[in-house]
Every structure is written in structure tokens, then in C-alpha cells.
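Number of protein chains: 2
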Amino acid sequence: MTHPVSLEDIREAAPALHGIVNRTPLLENADVNAMLGGRLLLKAENLQRTGAFKIRGAYWRILHMSAEERATGVVTYSSGNHALGVARAAQLLGSSAVIVMPSDAPAAKMAAVQALGAEIVTYDRDSENSADVVRRIEEESGRIEVPPSAHPLVLAGAGTAALELFEQAGELEARLDAVLVPCGGGGLTASTAIVMAEASPGTKVYGVEPVLFDDTRRSLAARERVGNPKGQRTICDAIMTPIPNDVTFPINLDLLAGGLVASDAEVREAMRFAFEHFRIVVEPGAAVGLAAILSGHFDISGRTVATVITGGNIDAHRFHTLLETE
Amino acid sequence: MTHPVSLEDIREAAPALHGIVNRTPLLENADVNAMLGGRLLLKAENLQRTGAFKIRGAYWRILHMSAEERATGVVTYSSGNHALGVARAAQLLGSSAVIVMPSDAPAAKMAAVQALGAEIVTYDRDSENSADVVRRIEEESGRIEVPPSAHPLVLAGAGTAALELFEQAGELEARLDAVLVPCGGGGLTASTAIVMAEASPGTKVYGVEPVLFDDTRRSLAARERVGNPKGQRTICDAIMTPIPNDVTFPINLDLLAGGLVASDAEVREAMRFAFEHFRIVVEPGAAVGLAAILSGHFDISGRTVATVITGGNIDAHRFHTLLETE
Chain A
0 MTHPVSLEDI REAAPALHGI VNRTPLLENA DVNAMLGGRL LLKAENLQRT
50 GAFKIRGAYW RILHMSAEER ATGVVTYSSG NHALGVARAA QLLGSSAVIV
100 MPSDAPAAKM AAVQALGAEI VTYDRDSENS ADVVRRIEEE SGRIEVPPSA
150 HPLVLAGAGT AALELFEQAG ELEARLDAVL VPCGGGGLTA STAIVMAEAS
200 PGTKVYGVEP VLFDDTRRSL AARERVGNPK GQRTICDAIM TPIPNDVTFP
250 INLDLLAGGL VASDAEVREA MRFAFEHFRI VVEPGAAVGL AAILSGHFDI
300 SGRTVATVIT GGNIDAHRFH TLLETE
Chain B
0 MTHPVSLEDI REAAPALHGI VNRTPLLENA DVNAMLGGRL LLKAENLQRT
50 GAFKIRGAYW RILHMSAEER ATGVVTYSSG NHALGVARAA QLLGSSAVIV
100 MPSDAPAAKM AAVQALGAEI VTYDRDSENS ADVVRRIEEE SGRIEVPPSA
150 HPLVLAGAGT AALELFEQAG ELEARLDAVL VPCGGGGLTA STAIVMAEAS
200 PGTKVYGVEP VLFDDTRRSL AARERVGNPK GQRTICDAIM TPIPNDVTFP
250 INLDLLAGGL VASDAEVREA MRFAFEHFRI VVEPGAAVGL AAILSGHFDI
300 SGRTVATVIT GGNIDAHRFH TLLETE
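Chains as they are written, first to last, in numbering that gives the first Met the number 0: chain A, 0 to 325; chain B, 0 to 325.
These are computed hints drawn from the structure, not numbers from a lab. Every residue, glycine too, gets a C-beta built ideally from N, C-alpha and C. Treat the hints with caution; some may be incorrect.
[Said to hold, decoys possible] Estimated spans, in silico, between C-beta atoms of each pair: (1) B:257 x A:120: 49 to 57 Å; (2) A:114 x B:320: 22 to 30 Å; (3) A:139 x B:173: 44 to 52 Å; (4) B:131 x A:34: 35 to 43 Å; (5) A:169 x B:221: 48 to 56 Å; (6) A:66 x B:253: 53 to 61 Å; (7) B:68 x A:114: 56 to 64 Å; (8) A:166 x B:127: 46 to 54 Å; (9) B:320 x A:139: 45 to 53 Å; (10) A:151 x B:256: 37 to 45 Å; (11) A:33 x B:221: 46 to 54 Å; (12) A:241 x B:320: 33 to 41 Å; (13) A:33 x B:128: 45 to 53 Å; (14) B:102 x A:30: 22 to 30 Å.
If we strip away everything but chain A, and leave its shape as in the complex, we get (with noise of 0.2 Å):
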């Protein structure tokens, strides 16, 4: 099968984006490996300038527009990361982003969108459709959507951590035996998966979603694209997606090894768990695959397992209240 993005695709977005983006750490702790019969890898791209992996993708995205399309600007819809993503880099490239966000965003993501010169325009998630709002803006001011996982660039962008994660793996002499990845438009598992399969194929990749919200999961089961049921609510606000997308999903169905979900408690489990083990300030959407490992719904003793850490971006008020609420 021929997928829209492939290593050598991925192997061209590194050396470009070599300067704007960090190679983020790839963390190991040898005591929780002790405790956990495995050995557990964090690709730490909560680490990440903007606090989170999306700039790689919006990124490469932009670079690939001339000069006039720059000067129009860009538009997405994001519930945060992929916002601030593209934000900056719409700011680094000399272009102008608009930000569709849903209204009930977290304050602090909002704010930190406007700080980087982006304007934001809200939805309501449970009445509304993003991308109608998308659409209409695209139609009147000549802006070209930046979607945060349904374009082969941004997948491209996107894979550059997947591939760090592999060649840091092997910097530590790690045979990766699997790889868990936050799921929400299953951009960034799409192109982890197609990393491995190219680089590494004994490695499986999973993607991980939260409880109510395993849209993919139960697509795969499914074998064609199901939504979620409206109306649901999980902390994990960075992968609230509605349903897979046609351009990730037909990569996911073929790749994947399967899909995982966590609770939202296992989720703040993981939370404190990378606070006390790891000394880092990982999101709630970048937990679930910490959580599907610690919860032990994926049981990593006797292997080396990696988990993406997407993001990082959560205000210390709602950190603390998430780490101390049971």
C-alpha cells in the first residue's frame, strides 16, 4: 500500500527543521525500570519549543508556501498545541495565522496563542464543526488551512520526532519493541507508524486514546472511520478529536498494531508519576501512553517500550488541581 508520506519524506523535513525545532530528550530512569520489569523510553516533546511536537508539522507546512500565500496567511483549528504551533511558526516565517479554537480551550493555551500574534476566533464543540468554520474563513480572506494532522507536510514535519525517537533509541542501544503514541487526529501516530515500519520494522506501534474518546481505536476494530459520541468530556483536551480523518486513518489501518485507552485518573496517575519520577510537566492528552503502561492495560516487562510525551502545556493551577484530585 502507498501512503501520502514516507521515510524519505520524514528524512527530508529533519535537516530543514535543524535550528528551529529542539531535539528533544529521549528520558530514561533506570530505578522505573527497575520498578516497571522493562525498559520505558519518554521522547520528551513536552520539551518541545512551543511546549508541544506541532511546530514541526506547521512548520514544514509553511515553509512549502511562497512568498504571496505567506503574505495571505495561514488558518487551523486546534484545541491548543497544533495552535501554537503554527502560530509561531506562521510568526517565524513572516506570515499571519487565525486560530479556530473551541471555546471551552483552557485560558492559558488562548492567551499563549494571542501572545505569538495570532488571532483567534472560538466554536462551540458540541453544536458546532471546526472545519465549517475553517472552510468559511479559507472562502473570505484567501487563508490556506494548516491542518493539524490531514496533510502529507505536516505529517512529514510531524515524523521528525518519530525518527529522532529512533535513531536516540539507538544511541542507547534500545531494540525498540513498541512505541505508544497519544492519539487524537492520529497524525503524529500515522507517522510514527510509518517511521517504524521503514526503520525498524519488528517494532509495533500503538495509537492510545482516552477513555470515550477512542474514536481510532474502535475505527480499527471497525475497519472504516467511526465518530465518538458528542457530548462527552475527558481532561485529555489536546486529543479531543470527533472522529479519524481520511488522510491519517487509511495509514493507521494499515500500519498500527492496535489501539489503547487510559482514564482520565490513570491519566493524572501518569501525570504524577512523570512529576515525581521524571521531574517534567507532561499535559493530560500527553499521559495516555505513560498511563496504558503504568495502569498495566499495556504490559512492557521484558521489553523496551517508548512513549511519545506530546506536550507540555498545562498552568501551574491546573497541574496542581489535576496532580491532587482523586
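Chain B: place on chain A using the hints.
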């Protein structure tokens, strides 16, 4: 002037510690650099095993003991981070540890030390001398002291953090103008000064201390060891030392460019900044270098400056309290 430890000694320790300690990342945030008008690099030893750089020196010291000495065990005094490092190193090397801790040491650190199998003996910071308690235990039990800084092997082990910092700066094509090191007993400060003096002579090294605990800064000015007044408090528990010791002070007097201070309020602001912009958990005593920079005491504009984030051992409740309180 000949020092008790050389760059060669530190280079010898590095491969022996490989696989035992982490090569912690040197973090950089391009947006922070733009904000500060200079290049800021953070050597993230808070992401080290046991949450601080201390395990480097402890392991290297205990590795040099005979089988018989290891069976008898070690003793040390520490407000926390060195205790964790010694306890874990002793455990890894089949030895045992007694830790003399101030009675007001953070509960989380005491619990963590005990969890690593070490025995704790407490003393009163204002009325007793920790060295006397350690000496009594040495005499009664035959245990060998692993001091927090006043031993050439401890200095050589700690120096591997500075050696990594130097190498990683090179990988980032950064020429270091200065390195700011949180300074308690002055061991990591001295080791860093030795590394830079030999490997990067253009790099100035500064010790940074909390206000009222600036014994090294005042001793450098007096050119002799001067103690702090008793009965003072700071949130920087990890570096509340009474007076420079006679092993590290001559090195620091010979090699340091100077001493800097930061107030508790400035330290709290630095902890919050690290949370928001680097998504890492920094304990108070590890944030003094960053605090000296952010407060403007040390101007990095137009320069490349690194600081060592020496540890991240702080419980969630205290972390939140320090970030929220004015």
C-alpha cells in the same frame, strides 16, 4: 596551583559512570533566548537518576572502596540530594548507608532516602554540628564517610556533569561565555571550574548562592573561609551550607570569576519560569543560577550562558505552594 582533582580525573570517571547515570540533556528554548537577548542553556541534572547530580560523585567514591569497606558501609550528612545519591549508589554497589539529615529536611526527601534502604539519623541544624554526628558514627561503626563535596573522588564524579555540559554545548555549536553553578558546599562549582579552566579557558564560572547563605561569595571577597550567621532560613534547602570547606574553597578561590546571589522571591520566579517555558520541575536550590539571570543580577544579553539545574527533588504540594505564593 595544583588542585586535588584534574580534568583527566574527571575524564576517567565518565566512562565508569556510563549506564549508571544519565547523560542529562542540555535544554534550550529559542523563544526564551529571544526574550533574554542571549543564549541560555540549562544542564538538566534534575532529570538525573535520584533527581540530582549527587549520585555521580557518590557512585564514583564508593566504587573505589574495597569489598570489605563496602560490606561495612558508608555514612554521610546531607539535606537530601546527596543522601539520595549515596543511598542509591550504596544499594547499587552492594553496600549500605547511614545518612545524617537535619531534622527540618523535607519529608519527601527523608521518605525517599529510607525507600532506598538507608538508615537516617537526624540532628538539629542550629544547635548541633553535622560533622560531629558523622564522626561519632564513623568511630562507632567503622563506616567510611562519603562527604557531599570535600573528597577528590566525589569532585571527579560530580565533574562529569560539567564535562557533559561542555561537550553538549559543542554539539549545539555554542561557545560558553559563562557557567552559573548553584553553590552549597562548592563541590560542583569547583569541578565545573576545573573542567572549564582546562577545556574552555574563555568560559567564566560563577557560584550562585541564596541571600544570607552566600558564604562562598563573601569568602571569595575576604580571600578566606567565612561562615554564615546561624538561625537564618531559605527555601533553598539543598544549598544551606554553614561555611565553605577546605577542599573546595581553595579551588574556587583560584578559579571562580565570582559569586552571585538570588533571593527566595527570585528563586520562586525562576521555578515558575522553568515550569512555564521549559516544562521541568526544579527544586529551589537548583534554581538560583536561573534566578540570578532572570532577575538581571547577571546579564546574558549578547552572550551564551549555561546554568546547572542541580536537582528536582520537591514534592507536589511544596512545589505548588512555592509557585503560587508571593
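Problem set entry | Violated hints, by number in ascending order, as checked against the structure | Hints 10 and 13 are the ones this structure does not satisfy, whereas the remaining hints hold.
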